[in-house]
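Asks: Chains G and P, in that order, are what the protein sequence lines are. Take the first sequence: its letter number 168 is residue 168 in the numbering used here, and every next letter is one higher. Take the second sequence: its letter number 60 is residue 60 in the numbering used here, and every next letter is one higher.
Keep in mind that the hints were calculated from the coordinates and are not lab data. Mixed in with the good hints, there may be bad ones.
In silico SDA-like pairs for lysine to any residue, Cα to Cα no more than 25 Å straight-line [said to hold, decoys possible]: (1) Lys92(P) to Phe29(G); (2) Lys91(G) to Lys93(P); (3) Lys188(G) to Gly40(P); (4) Lys45(G) to Ile46(P); (5) Lys188(G) to Val117(P); (6) Lys13(G) to Phe59(G).
All figures in this text were calculated on a predicted structure; none of them were measured in a lab.
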Amino acid sequence: MSKIRKQYVPFMKAGIQTLIIYRMNFLGFVIGGLVYCFVMYYLWKAVFDSAGGGTFLGFSMTDMVLYLFLSNTTTQLVYSSVTSEIGEEIKDGSIAMRLIKPVNTDWSYLFNELGGAFMKLVVFVLPMILGLEIYRFYMTGQIMFEPLNFLLYLVSAAAAYMISFRINLCFGFVAFYVKNLWGFNILKVSIMNFLSGSLIPLAFMPDTLRTILEYMPFASMSYTPVMIYMGKYSAAETAMRIGIQIIWAIAIYGLSKLIWVGAVKKLSVQGG
Amino acid sequence: MKRAWKIYRLLAAQNLKRLMEYKADFLTGAVSFLIDQAIGIAFIFIIFTQIPQLSGFTFEQIVFIYGFSQIPKGLDHLLADNLWCVGYFIVKKGDFDKYLTRPINPLFHVIAETFQVDAAGELVVGIGLIIYSSAGAGLYITPLSITLTVLVIPFAALIYTSIKITTSAFAFWIKSSGFIIQMIYGMNEFSKYPTTIYSLPVRILVTYMIPFALTGYYPVIFILTGNSPITSIGTVVLVSILFFVLSLFIWHKGINAYESAGS
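Please work from the sequences and hints to get the whole structure.
Replies: Okay, structure coming up:
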């Protein structure tokens, strides 16, 4: 255990430092995400007004605001930039330096990112949840905060993080073949946003599509934790959803290991 | 002017050659933007399975506005993409010296250098959506409305470019302004839907301060409703010229403040 701490904690510290140094870039992404939420807020407001009634497919406007902002926040929290990280390192050859270190390569990436994720949780996610709860109190006149749901949210978000990290790791290996990583990244983000329900709640989708998407790993990445936080699932359902997340986390872990073994053999570093 | 055109053609030809070399690259870029757009439309479609009208607009009208908003965005993306690089790293690395030592206008050189074909995704979707929705959108079609709506497109694109010139020029003072471009540019989300759905402060913000509403909804008010084009298209033309002049001014101030960096 202490060996692991010695080996990987420096990676985590480096991750925190990177985020602090590039805090303006991080701020840019946060504000960009918030702008997007506000556009969506107005769009949904118009939808609710046009629909006439107070609720739309079982969501009230207050629910919708919570969903919108929390799913954006959760997406940012579990977002992993390991795809472009690997791509860059393959391009400039510095991945060779990582491979010769006596540590597990994918773990070194993971701890790098965990540092950043921890910072995001403290400076962004928790304040956002506080703000949303104040909003809910203001709108409904009662305190809606459920400590149990919040804890389950954190558990589910941790599982979501593991899935997201591994999926992005798999995508990162595509860098071996694709040169236009930037375009590829846009493709990846927009497809994931759709499949994970952060664009449109999966609950609003046609039944068959919804059922399929709910069982796919992408829903586990933001939809599941957010719905748990909102208390939309019964106890049994919550347990099942977290179970599905864990199964996916393990499956994708295996997949990424498999691809990694194949990819390293193929790796030819240019320059460096 | 003739010389500028000749230089532009030469640089664009270089770009196209590079493109031929990396065909798969181009395909990834264009397909990415295409799918990004398709998902945006799926969103509108799902909303409209539940409601007949959105703030008084039909499905076709919303799609028309959405489609139109992608054309100025795509044009700017096609022609002026290199400004992102100025903001993100050209100034930071000290590579901007290159543009200052050549006998052509630096801004022109920066813009002429890149011909970003990824934009095909936005342009194809935009034009496709307009064709698809124009029959059902109940358009007010006269020779004047069509002419003005087409003529206003370059002005709307100029708004995008002006905003990018201004925000990328900040890099001359603070070395790297990529995140500022990102932040301001991200507000183009507001252009995709009718401005009337936003609250008054937001409407003022996106019409006069960061005028993305003028790149989507305003240019099509005339052809959608037949209301006087002076307040809609007129505003777009006026504001775009104003913003362009302002951005040139800031750019030149920036170049004067530029100190080479890097090694």
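Asks: Hints first: check each against the structure and report whether it holds.
Replies: Consistency of the hints with the structure:
no. : hint                   : in the structure
1   : Lys92(P) to Phe29(G)   : holds, 20 Å
2   : Lys91(G) to Lys93(P)   : holds, 19 Å
3   : Lys188(G) to Gly40(P)  : holds, 15 Å
4   : Lys45(G) to Ile46(P)   : holds, 15 Å
5   : Lys188(G) to Val117(P) : holds, 19 Å
6   : Lys13(G) to Phe59(G)   : violated, 41 Å
In the structure shown, a violation is registered for the earlier hint numbered 6 alone.
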